[in-house]
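Visitor: In case you want the letters, here they are:
4 protein chains.
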Amino acid sequence: MKLNPPIFVLNCKAYLEATGKKAVELAKIADEVSKDTGVSFFIIPQLTDIALVSKEVDNVLVFAPHLDPIKPGAHTGYVLAEAVKEAGAAGVLINHAERTLKLSDIRTAVERARDAELLSMVCANTPLEAKAIASLKPDLMIPEPPELIGTGKAAVRAIKDFVPEAVKAVKDVDPSIIVIVGAGITYPRDAEQTIKMGADGTGGATFIIKAKDRKKTLIEMAKATRRGWASRSQ
Amino acid sequence: MKLNPPIFVLNCKAYLEATGKKAVELAKIADEVSKDTGVSFFIIPQLTDIALVSKEVDNVLVFAPHLDPIKPGAHTGYVLAEAVKEAGAAGVLINHAERTLKLSDIRTAVERARDAELLSMVCANTPLEAKAIASLKPDLMIPEPPELIGTGKAAVRAIKDFVPEAVKAVKDVDPSIIVIVGAGITYPRDAEQTIKMGADGTGGATFIIKAKDRKKTLIEMAKATRRGWASRSQ
Amino acid sequence: MKLNPPIFVLNCKAYLEATGKKAVELAKIADEVSKDTGVSFFIIPQLTDIALVSKEVDNVLVFAPHLDPIKPGAHTGYVLAEAVKEAGAAGVLINHAERTLKLSDIRTAVERARDAELLSMVCANTPLEAKAIASLKPDLMIPEPPELIGTGKAAVRAIKDFVPEAVKAVKDVDPSIIVIVGAGITYPRDAEQTIKMGADGTGGATFIIKAKDRKKTLIEMAKATRRGWASRSQ
Amino acid sequence: MKLNPPIFVLNCKAYLEATGKKAVELAKIADEVSKDTGVSFFIIPQLTDIALVSKEVDNVLVFAPHLDPIKPGAHTGYVLAEAVKEAGAAGVLINHAERTLKLSDIRTAVERARDAELLSMVCANTPLEAKAIASLKPDLMIPEPPELIGTGKAAVRAIKDFVPEAVKAVKDVDPSIIVIVGAGITYPRDAEQTIKMGADGTGGATFIIKAKDRKKTLIEMAKATRRGWASRSQ
Numbered sequence: 001m002k003l004n005p006p007i008f009v010l011n012c013k014a015y016l017e018a019t020g021k022k023a024v025e026l027a028k029i030a031d032e033v034s035k036d037t038g039v040s041f042f043i044i045p046q047l048t049d050i051a052l053v054s055k056e057v058d059n060v061l062v063f064a065p066h067l068d069p070i071k072p073g074a075h076t077g078y079v080l081a082e083a084v085k086e087a088g089a090a091g092v093l094i095n096h097a098e099r100t101l102k103l104s105d106i107r108t109a110v111e112r113a114r115d116a117e118l119l120s121m122v123c124a125n126t127p128l129e130a131k132a133i134a135s136l137k138p139d140l141m142i143p144e145p146p147e148l149i150g151t152g153k154a155a156v157r158a159i160k161d162f163v164p165e166a167v168k169a170v171k172d173v174d175p176s177i178i179v180i181v182g183a184g185i186t187y188p189r190d191a192e193q194t195i196k197m198g199a200d201g202t203g204g205a206t207f208i209i210k211a212k213d214r215k216k217t218l219i220e221m222a223k224a225t226r227r228g229w230a231s232r233s234q
Numbered sequence: 001m002k003l004n005p006p007i008f009v010l011n012c013k014a015y016l017e018a019t020g021k022k023a024v025e026l027a028k029i030a031d032e033v034s035k036d037t038g039v040s041f042f043i044i045p046q047l048t049d050i051a052l053v054s055k056e057v058d059n060v061l062v063f064a065p066h067l068d069p070i071k072p073g074a075h076t077g078y079v080l081a082e083a084v085k086e087a088g089a090a091g092v093l094i095n096h097a098e099r100t101l102k103l104s105d106i107r108t109a110v111e112r113a114r115d116a117e118l119l120s121m122v123c124a125n126t127p128l129e130a131k132a133i134a135s136l137k138p139d140l141m142i143p144e145p146p147e148l149i150g151t152g153k154a155a156v157r158a159i160k161d162f163v164p165e166a167v168k169a170v171k172d173v174d175p176s177i178i179v180i181v182g183a184g185i186t187y188p189r190d191a192e193q194t195i196k197m198g199a200d201g202t203g204g205a206t207f208i209i210k211a212k213d214r215k216k217t218l219i220e221m222a223k224a225t226r227r228g229w230a231s232r233s234q
Numbered sequence: 001m002k003l004n005p006p007i008f009v010l011n012c013k014a015y016l017e018a019t020g021k022k023a024v025e026l027a028k029i030a031d032e033v034s035k036d037t038g039v040s041f042f043i044i045p046q047l048t049d050i051a052l053v054s055k056e057v058d059n060v061l062v063f064a065p066h067l068d069p070i071k072p073g074a075h076t077g078y079v080l081a082e083a084v085k086e087a088g089a090a091g092v093l094i095n096h097a098e099r100t101l102k103l104s105d106i107r108t109a110v111e112r113a114r115d116a117e118l119l120s121m122v123c124a125n126t127p128l129e130a131k132a133i134a135s136l137k138p139d140l141m142i143p144e145p146p147e148l149i150g151t152g153k154a155a156v157r158a159i160k161d162f163v164p165e166a167v168k169a170v171k172d173v174d175p176s177i178i179v180i181v182g183a184g185i186t187y188p189r190d191a192e193q194t195i196k197m198g199a200d201g202t203g204g205a206t207f208i209i210k211a212k213d214r215k216k217t218l219i220e221m222a223k224a225t226r227r228g229w230a231s232r233s234q
Numbered sequence: 001m002k003l004n005p006p007i008f009v010l011n012c013k014a015y016l017e018a019t020g021k022k023a024v025e026l027a028k029i030a031d032e033v034s035k036d037t038g039v040s041f042f043i044i045p046q047l048t049d050i051a052l053v054s055k056e057v058d059n060v061l062v063f064a065p066h067l068d069p070i071k072p073g074a075h076t077g078y079v080l081a082e083a084v085k086e087a088g089a090a091g092v093l094i095n096h097a098e099r100t101l102k103l104s105d106i107r108t109a110v111e112r113a114r115d116a117e118l119l120s121m122v123c124a125n126t127p128l129e130a131k132a133i134a135s136l137k138p139d140l141m142i143p144e145p146p147e148l149i150g151t152g153k154a155a156v157r158a159i160k161d162f163v164p165e166a167v168k169a170v171k172d173v174d175p176s177i178i179v180i181v182g183a184g185i186t187y188p189r190d191a192e193q194t195i196k197m198g199a200d201g202t203g204g205a206t207f208i209i210k211a212k213d214r215k216k217t218l219i220e221m222a223k224a225t226r227r228g229w230a231s232r233s234q
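Residue numbers (the working numbering), protein chains in the order written: chain A, 1 to 234; chain B, 1 to 234; chain C, 1 to 234; chain D, 1 to 234.
Derived from the structure by calculation, the hints contain no laboratory data. This one's a predicted model, so the numbers in the text were calculated from it and none came from an experiment. Heads up, none of these hints are tricks.
Within a straight-line C-alpha distance of at most 25 Å, the following computed SDA-like cross-link-like pairs (lysine to any residue) qualify: (1) K71/C <-> L128/B; (2) K171/D <-> R157/D; (3) K137/B <-> D105/C; (4) K168/B <-> P146/B; (5) K22/B <-> A74/A; (6) K102/B <-> H75/C; (7) K21/C <-> K55/D; (8) K102/C <-> D105/D; (9) K35/B <-> P5/B; (10) K22/D <-> R114/C; (11) K160/B <-> T126/B; (12) K71/D <-> K137/D; (13) K210/B <-> V24/B; (14) K21/C <-> G73/D; (15) K22/A <-> D115/B; (16) K196/B <-> D174/B; (17) K171/C <-> E165/B; (18) K102/A <-> K102/D; (19) K22/B <-> E117/A; (20) K212/A <-> E17/A; (21) K212/C <-> G73/D; (22) K223/D <-> P5/D; (23) K102/C <-> A97/D; (24) K210/B <-> E82/A; (25) K171/B <-> L128/C; (26) K137/A <-> P72/A; (27) K102/B <-> D139/C; (28) K71/C <-> T126/B; (29) K102/B <-> R99/C; (30) K215/C <-> D31/C; (31) K71/A <-> G88/A; (32) K22/D <-> I219/D; (33) K28/D <-> D58/D; (34) K102/A <-> D115/D; (35) K171/A <-> E111/D; (36) K71/A <-> T206/B; (37) K216/A <-> V57/A; (38) K102/B <-> R114/C; (39) K212/A <-> G152/A; (40) K21/D <-> V57/C.
The whole structure should be built from the sequences, with the hints applied where relevant.
Guide: Spelled out as structure tokens, the structure:
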């Protein structure tokens, strides 16, 4: 699958405001904003919402919020790559700071995603972890300082050099890996700066999901993402 | 929700033969068999299949294969009671031998299921564990010797007194808890005997999912379940 | 082993002030206070300190801070009952709120402790959990509200009825289980009240380990424990 | 600390034959064999045996079998770097196939070992994992195919190219990391071949611990290790 940066990732987490019908509504808004702005959108609904959301979007790529390192078989309650694929997902998020995995399970989950033709997007807490995970050949990575997630303090503002160091850590190992940097993205300028400093994408969760006007917020974020990207190609 | 024993539980686990469309097909067969035989059926599809399966059945109750002990919020990749409910499930399976939980998380998951008006069905490995879990007030319990699951050796045949001891362990603490006993159910007489010896229900996974003729197998199991139940009311 | 309430449990956790030689010093103080006051003392050093501490005490019983549900064999990095026993421990703490276990592992750890002739002392977060765990036949239990641990808010002060409810939950299932209630014990009157309201013992960690004068603090706690106990036998 | 390859690692796991006094006996034998053969020996006793073993050896380095990613504080039942150090260990084993860790915890455990001046030795299941972990800057690594551990099928015999690929995966990232390859080492020639093919060391557990004559077995292993090493420097 060809990916077109810049990318904006919208994580529904387990918020009621982004569960079931409300996840579908949010995905539809992202779908429209993606079409209007040319920014690639990924949405990460809950596992039980993947099938519903997938049917309702054209442009947005749907990612599962977790994948278990299992093969088909007797694994009650685990998340199987083939099931995620059949439900309509384009990819899977692995090792989010709220759902971290054993190293060995990250490796296996990336392999299982590849088996099922799903994009693998793996989170890392630090540039050092990002370097380690890049060796495991995921398609995309999301380095995020976990202590900033959900705080309103964007990594790009709070930790000088986090974005360029994290991007470099990954690209030095494998320049084909797409690097998205988030954590605490609150203002459009956070998104713009994150992309400007080298990320192929950015994203948000809490701030967007809790926004009064989600559509307006997503449009502003998409435009800022595009501005950041445009400034790099000059 | 009023439950009518005898009950037959069909666990799809993470088998490809019971994923996506094939989970829906299997659920439809169970739906028909339930209507024809008067046996209550529960089906446990994968998390990503709950929404699809729920829309296609009338008689069968759909259970999620796992529930996390979380409240709505920032919990990427975890299973939220409210999301499971909105996807159409009637209940949740908790602590299956393939996906065991901390004691404290079992307690919280049972509470979260109740909050979301989902039935809670908790597995236990031994009569002693069954007694302990019964204190946590689930709606249903499934005592199963984990070493027999998927082996073709039914608990009722392999461990003398397992069924009556497990049922007694639960009912002594709380007679309102419905007790289902499975593990290794292969032949109709396994189902019949399990019910005869005191269980309110039984169930299967591997043997039924891998059966050449699933409908025939389910009909035989349902009839045997009913025979076992009838023999008790005499 | 015959246990003589009232009991005071001193948990070293992973505090530097109670590591290695400092754990030995603390244990010696507790040993002396136990002899002088007639209060039974348990000390819970780190795993690596059990052997050193055990050799230096006469009255105090040493407990391991954790036990894994394993049998002897290929289990690198896990805590084996027989090894804990040979190192000199009299018992093991299981399922502390900082190191919670799966229900099935609690059951097995209690059994493994019994195999190795170690006392099992299992923690529980709530009276409901305490009731569940009591079914698993541990020798002692410690119900503690985890949200109060280390806060300076004693359960006996902060949650009306916690002590009597937790004690009753356990004793209703098995009156032979000794019930110790801690969490946030800061002042001698916390210890006194906890025992008065029905606990067979109490204990502390942070407040005692960080105390300027540990001996004085332990003496006051021991006396308060004895006062609480005396008031019950009147 | 200066390390002198070749190295032979002796893992006591949780075998009764290498618990308590028997761990001390085994360590003393290794100590003597190390002195006599010039091969560096590491021994990995159980956590509770580190203090006893450390006092009794002069040449052998003692490693803890596990380290938790914690700082000093309220962490009941976890393994603290400073406590391991004070008990006399020279290093810690991290992420053994029988006790695997989250990626983030491996990173933190390596850092905590460094803080406490302990050598960090991290296991990896595959060359790809070895490459990832090498980025986290451990002092030593042990790539081992987990499916061969304890089987009597040495990696060097069973998987063509495992040793050179695993060594290269690590050294390409950081040539200063010492690479030990084990799994299934049964005959002296397994040790010899493993070193010959590029490993800085090798080791064993089950086969040595269960040997009739442990001293003889260790001497043969040490000599084979030395032969393998000598053949490389020619």
